[in-house]
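Produce the complete structure using the sequences and hints provided.
Protein chains: 2
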Amino acid sequence: MNHAKNDTLIRALLRQPTPYTPVWLMRQAGRYLAEYNETRKRAGSFLALCKSPAFATEVTLQPLDRFALDAAILFSDILTIPDAMGLGLYFADGEGPRFERPVRDAASVAKLFAPDPHAELRYVIDAVAEIRRALAGRVPLIGFAGSPYTLACYMVEGGASDDFRTVKTMLYREPALLHRILEVNAQAVTAYLNAQIAAGAQAVMLFDTWGGSLSHDAYREFSLAYIERILGELDREHGGERVPRIVFTKGGGMWLEAIAGCGCDCVGLDWTASLADARRRVADRVSLQGNLDPAVLFSTPQAIRDETAKVLASFGAGDGHVFNLGHGISQFTPPDHVAALVDAVHELSPAYHRRA
Amino acid sequence: MNHAKNDTLIRALLRQPTPYTPVWLMRQAGRYLAEYNETRKRAGSFLALCKSPAFATEVTLQPLDRFALDAAILFSDILTIPDAMGLGLYFADGEGPRFERPVRDAASVAKLFAPDPHAELRYVIDAVAEIRRALAGRVPLIGFAGSPYTLACYMVEGGASDDFRTVKTMLYREPALLHRILEVNAQAVTAYLNAQIAAGAQAVMLFDTWGGSLSHDAYREFSLAYIERILGELDREHGGERVPRIVFTKGGGMWLEAIAGCGCDCVGLDWTASLADARRRVADRVSLQGNLDPAVLFSTPQAIRDETAKVLASFGAGDGHVFNLGHGISQFTPPDHVAALVDAVHELSPAYHRRA
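The listed protein sequences derive, respectively, from chains A and B. Heads up: the first sequence at position 8 corresponds to 8 in the working numbering, and the numbers run straight through without jumps. Heads up: the second sequence at position 283 corresponds to 283 in the working numbering, and the numbers run straight through without jumps.
There may be inaccurate statements among the hints.
Pairs involving identical chains hold if they fit within one copy or between any two copies, as the list cannot separate such chains.
Under the rule of at most 20 Å between Cα atoms (straight-line distance), these lysine to aspartate or glutamate pairs were calculated in the EDC-like manner [unchecked claim]:
(1) Lys310 <-> Glu221
(2) Lys310 <-> Asp217
(3) Lys310 <-> Glu174
(4) Lys5 <-> Asp336
(5) Lys51 <-> Glu130
(6) Lys111 <-> Glu100
(7) Lys51 <-> Asp83
(8) Lys310 <-> Asp83
Calculated from the structure, these hints are not laboratory results. Since the model is a prediction, treat every value here as computed from it, not as a measurement.
Dropping the structure here:
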């Protein structure tokens with residue numbers, strides 16, 4: 001299994017020449033794969049799966065065995081950090097993540113601490129190291145964390161929300177309290193990602209899933225400022241290799257110039273953005289990742305190929321594009337359709353790259 | 001009750017000079033008001049409330065009696081059209097709207113028809129006329145409808161959705177089928193809004209609540225194209241008065257230039273957009289409506305005033321701004337906070353307008 005080293009992802013993230021456009025998929029290891037569901041069953045629960053480096057390694061590699069993906073991404077969850085803070089993460093049946101002890105007042109904020117990645121979060125760092133060994137250079141490994149604001153949404157709301165009423169009430173009523181949470185989260189994410197880098201993550205991604213629910217001004221103050229702070233303190237290299245950083249704010253397409261200036265190498269875009277517009281706006285500074293609508297994967301292999309061609313054509317000729325979905329893959333995706341997508345990217349994209 | 005005529009809203013929508021910035025709130029008649037809940041109880045249900053011109057008139061006027069709002073908006077629901085198509089609208093407890101007979105195949109699409117606004121939708125048109133009489137010129141009355149794509153989301157999904165899997169599968173797999181639904185919806189909305197105008201609606205608004213869930217290209221093809229078609233066929237004037245049109249695509253801030261070119265007089269913006277940026281991009285062509293984060297209303301009167309000041313300052317000096325929230329008001333809003341908002345707009349905005 002000692003495959004030739006495929007560094008296409010890293011090169012594309014850094015806007016270096018590549019022979020084709022690399023592709024990976026957010027949430028590529030997950031419930032749409034029967035083998036994932038089988039492993040999860042053996043693990044007993046989603047959390048048990050996350051907390052076992054052996055199981056996490058197993059599921060991280062599963063999609064690579066099915067599809068010619070150009071990257072692996074650590075199998076984990078953004079809520080490992082608030083879980084390690086002692087907030088009591090659990091998953092209610094069919095309801096998504098919940099916290100037993102949400103953070104809603106000064107007393108609970110005062111108790112917050114940045115967990116030690118080598119203590120409370122040791123299982124994640126061990127998983128990174130184990131996945132790197134298992135990958136044996138096959139493709140690069142992406143580490144990740146949630147953005148401070150996105151973590152705060154869950155910590156304050158106590159779970160998912162469709163209006164973010166609780167966290168936004170805090171934002172407008174007691175901004176200093178929310179800032180304190182965000183500071184602790186930023187410290188925690190910084191230590192966590194640096195530990196992932198030290199353990200072998202070759203690129204890192206910040207998932208700002210809920211930053212797009214903020215107003216134009218509040219996004220800068222409560223989300224992007226903390227992302228910028230983290231990126232300023234992350235290790236730039238490991239073992240002599242540059243570690244590219246990807247920032248993905250879902251719904252952040254309007255704020256692209258600001259995001260491109262936060263210290264990232266690559267901006268992830270959801271499917272509402274135009275890659276052509278985005279490239280015109282910021283491609284002199286960052287690479288772009290995205291942005292096929294995950295719903296395209298519900299259609300047909302031919303429609304998937306056509307829509308993939310449109311995404312590639314929208315970015316156009318040149319380097320600095322990492323193909324991905326505009327959001328995590330749906331659990332209802334037929335795996336054959338993912339194969340059609342990955343093959344289409346690899347077959348159609350060389351035309352957009354100069355021959356080396 | 002024969003108040004002096006307040007045409008500030010109409011003038012602002014048409015970018016004519018006004019002494020202050022007019023303000024109204026999406027969903028201003030609703031569950032955050034005790035008097036609304038009382039009327040709804042008497043009506044028996046939300047649908048019964050919508051279907052009774054007398055009750056609809058009563059609740060339309062309730063917020064005007066509490067707050068110095070500059071417009072009334074017809075109390076109704078965007079789903080009156082698919083209900084009139086015979087899809088069997090009902091409201092499951094705490095689950096939002098559902099349809100007994102969703103439209104998912106060629107056979108059900110073939111049966112679709114544009115309802116006659118003077119037959120199946122007569123109760124809405126009667127409500128418009130009755131509200132106009134009750135308003136007696138106090139403030140202008142806004143009529144409205146859902147956009148063809150937003151209606152199609154509910155019709156195909158059979159209710160609300162967080163991933164729009166069914167309608168998007170149709171979009172990518174059988175686009176001709178979805179286009180047929182959208183054509184019928186566009187015909188229906190056109191006839192419906194023209195009937196509202198004839199009955200006395202002095203401005204009309206298209207709510208494209210879910211257009212922002214589409215990809216950049218799909219938005220143009222499946223949502224905006226049909227909005228444009230409707231606006232091309234709407235009556236421009238009634239009784240010698242111009243009838244301004246507002247288009248609001250939630251999450252459409254990135255597509256502002258395209259929306260501003262669809263034939264509308266005013267573009268509604270959600271709170272993620274910057275009014276300053278938006279004005280620079282399109283204010284030579286359209287007025288702008290919005291865009292306070294509705295969550296600001298959960299804070300304090302002082303914070304509400306501060307955030308209102310920021311929205312006004314973001315638009316800056318000049319005409320062509322209609323103050324509103326960036327989305328419908330939440331049922332959890334304290335009514336006193338709405339008063340603080342409306343008063344702040346009226347007190348702070350004259351500084352941004354030239355003296356007549």
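How the hints compare with the structure:
| no. | hint | result |
| --- | --- | --- |
| 1 | Lys310 <-> Glu221 | between (35 Å within a copy, 14 Å between copies) |
| 2 | Lys310 <-> Asp217 | between (33 Å within a copy, 9 Å between copies) |
| 3 | Lys310 <-> Glu174 | between (45 Å within a copy, 18 Å between copies) |
| 4 | Lys5 <-> Asp336 | neither (26 Å within a copy, 64 Å between copies) |
| 5 | Lys51 <-> Glu130 | within (13 Å within a copy, 63 Å between copies) |
| 6 | Lys111 <-> Glu100 | within (15 Å within a copy, 50 Å between copies) |
| 7 | Lys51 <-> Asp83 | within (11 Å within a copy, 49 Å between copies) |
| 8 | Lys310 <-> Asp83 | neither (41 Å within a copy, 37 Å between copies) |
The structure shown violates the earlier hints numbered 4 and 8.
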